[in-house]
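J.: Single-letter residue listing:
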Amino acid sequence: DAGVIQSPRHEVTEMGQEVTLRCKPISGHDYLFWYRQTMMRGLELLIYFNNNVPIDDSGMPEDRFSAKMPNASFSTLKIQPSEPRDSAVYFCASSSRDGGQETQYFGPGTRLLVL
Amino acid sequence: AQSVTQPDIHITVSEGASLELRCNYSYGATPYLFWYVQSPGQGLQLLLKYFSGDTLVQGIKGFEAEFKRSQSSFNLRKPSVHWSDAAEYFCAVGALDTGRRALTFGSGTRLQVQP
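Residue numbers (this note's numbering), protein chains in the order written: chain A, 520 to 634; chain B, 79 to 193.
Note that these hints are calculated values from the structure, not bench results. Given the structure is predicted, the values throughout are model-derived calculations rather than measurements. Errors might be hidden in some of the hints.
To be verified - Derived lysine-lysine pairs resembling BS3-like cross-links, with alpha carbons at most 30 Å apart:
{"#": "1", "chain 1": "B", "residue 1": "127", "chain 2": "A", "residue 2": "543"}
{"#": "2", "chain 1": "B", "residue 1": "127", "chain 2": "B", "residue 2": "139"}
{"#": "3", "chain 1": "B", "residue 1": "139", "chain 2": "A", "residue 2": "543"}
For reference, chain A alone in the conformation it holds in the complex (with noise of 0.2 Å):
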């Protein structure tokens, strides 16, 4: 299996610019969860979708926010308008629970700046 593909995997962009991140899981996973890194609040979920349906969304910083899994192969995470605060390491992370353990695996990353 290739693993959870994120893309891309570097993105520059200016202040008040639409930034969007993808993701797709690896094949069978019905959990897909978003995470955020920074140097300040570390690893952070953002909110996760249980066959394509969005669970848990409280992490979601604010409005500018949003993220859609229109199939099971396919996430986006979307920021618009962007600011320098944005600017993180987001992750995109796929599970199964399998024999009653779960356990997650995670893509390479996306690391966003924001100027």
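Chain A is fixed; fit chain B onto it per the hints.
T.: Leaving out everything else, chain B in the frame of chain A:
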């Protein structure tokens, strides 16, 4: 709510020396525990996991961890460190029985290996 503490922000060891990275968790029920490793500019790779059963778990790259309920700890160990082990290590706790599937991460321990 669960929480994870990694008391050591930065550790330096000599190549060939033994290693122990500390992790303490706070959770009311039996936690699911994980160790992930992040190399510079890379994503998070799963080292090992604990769900139940034998409290000493083996992982990849020669790492092991021991779950100690009485101490609320899940320390990571390696008998002989290699230069390629230099990275940041994250302990995480999951709690499927609360319905909240996201992982809670510690702040990480950065490992430096001296030749």
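J.: All hints, please: hold or fail.
T.: A quick look at each hint next to the structure:
no.	hint	result
1	B/127 / A/543	holds, 24 Å
2	B/127 / B/139	holds, 14 Å
3	B/139 / A/543	holds, 27 Å
Of the numbered hints given earlier, the model fails none.
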